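Protein chains in written order, with the numbering used here: chain C, 1 to 262; chain Y, 1001 to 1293.
Don't read these hints as lab results, they were simulated from the structure.
Quick caveat: nothing in here was measured; it's all calculated off a predicted structure.
Some hints here could point you the wrong way.
Under the rule of at most 25 Å between Cα atoms (straight-line distance), these lysine-lysine pairs were calculated in the BS3-like manner [what the hints assert, rightly or not]: (1) K119(C) to K1212(Y); (2) K119(C) to K1248(Y); (3) K1088(Y) to K119(C); (4) K1212(Y) to K71(C); (5) K1068(Y) to K119(C); (6) K1136(Y) to K1005(Y).
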Amino acid sequence: MTTLAELCIAAVAEAFRDEREMIGTGIGPIPRLGVGLAKLTHSPGLMMTDGEAYLVEQPVPLGPRGYDDRKAAGYLPFSRFFDSAVWTGRRHAMVTPTQVDRFGQTNLSALGGTHAQPKTQMLGARGFPGNGIYHANSMFIPAHGPRVFVAGEVDRISSPGYNPARRIAGGNYSGIDLRRIVTNLCVMDFGGPDHAIRVVALHPGVAFAEVQEATGFDLIDAAQGETPLPTADQLAIIESLDPHGIRHTIFKDNPAAERSAA
Amino acid sequence: MTLDKRMSAADIVGRLKSGMTLGIGGWGPRRKPMALVREILRSDLTDLTIVSYGGPDVGMLCAAGKVKKLVFAFVSLDAIPLEPWFRKAREAGAIEVLELDEGMFQWGLKAAAFGLPFLPTRVGLGTDLVELGGLKTVQSPYDDGEVMVAMPALKLDAALIHVQRADWRGNVQALGPDTYYDEWFAKAADTCFVSCEELVPAMEDSYPADAKANIFERCFVTGVTEARGGAHPTSLPPDYGWDMGWFKTYAAAAKDPGDWAAVADKMVGASEAEYIASVGGMEAVGALPLPIF
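Given the sequences, and given the hints that come with them, work out the whole structure.
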């Protein structure tokens, strides 16, 4: 039985469909498996690292493996990541921010309180500001809810979005390129008026009203039907990239892709 | 002049002063100069501004009350994503911060290395970093007229770096798949102190075949000291991985009430020899598995 995790992996892969040669980065198991699936199927131009410093043509499987099992085809250490991947725009990353707002602004820095004394300190902005201004970005949100998709603006803006109030005259914002948001309920994009967020596919058995209810801002219903289930070929590739079944641990009780099947 | 740059870790820390701005090489839980950080933790130094791609170096210095201000883009132990002692310091409002993007951070080190007041970048536009950090913008004087963020130079009084090998002149070799921005910390600093796993008399006699691992030239090195296991509990590929058991103990100690004074002796040790012995000696450090990503 196909799982919700596998449905999401296939949706991530679709988000990474691209003709260009560039780095594909999926942070976390579902995004990483999705990028690997895209690379091994429709988008061979994608380039991936072993998560450390080397470029690999065969995506590195998740989980325990021999340190030297990865076969390096190239080299992309942190020490040249900004020169080669980020500031040249040759990258598409999928990340999981703590908050997202209707402008696509995200927060990975801190929640509540003040800058001097946040209520909850998180990771810090990491590379989000640079990623957001220079290259394509997508998001994976495993628990679609109003605490993630917040009303108003995010508490701290770690990465830029399409918010006209946050733009200064003369600044170059042309690199902002927000692609897809894959969640446990649906797939969304930024294709509405002024880049408003739209639901473009609902996972099997999910209604638009349920997605709207779980979102702190208004969504546009542009659903073209259900998120497609992965094919048998795709499932075989996913299995090869995740031999330890880490994808089965992402969602509580590892639900089926089709709710009616549960 | 003498080119003999050998000194003890205590000599190095003796060259530092309270109130200084210190850059710490490495990245999160990877190749941190922890022996030198521990030596700072054994000293009276305080009121420090720390510039770091932060890992346990930042957490420990925060926990011990050594930090006045932190310049950072993240602080993380990777497998334990949120550094618990850093988080505690922030949520107590105990430290000032300049929060940056990872790329802006290295750009600021490069500005300092080249003696420039700033370098322009688009990074930070559309985010809160510019206003919260008091960063200014600059306009291109050419026809495009683009307005960019002026990333100020991150000038360091001293940089601390850990590598595999050094000789007494300060010729260093850093092995492993990634050396992060260590070379820019070295060049952004007025003084740079390097700890190493192995101090050799002459690099050209010991390891001439690995000269490409000389990630910065010896003119950027002020002092060298041998500190075997000097990156522990962080990783130093290919020599050893990070110590996940140590990180778990360290993180657990931060839980309420989280009293650093109660665990500092265990986490720092009275001397480096005592510390390395307490984690099982170099045999145990050398056996730590390299992390898989």
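Right, here's what the structure says about each hint:
no.: 1; hint: K119(C) to K1212(Y); result: 46 Å, violated
no.: 2; hint: K119(C) to K1248(Y); result: 24 Å, holds
no.: 3; hint: K1088(Y) to K119(C); result: 10 Å, holds
no.: 4; hint: K1212(Y) to K71(C); result: 22 Å, holds
no.: 5; hint: K1068(Y) to K119(C); result: 19 Å, holds
no.: 6; hint: K1136(Y) to K1005(Y); result: 39 Å, violated
Hints 1 and 6 from the earlier list are contradicted by this structure; the remaining hints agree with it.
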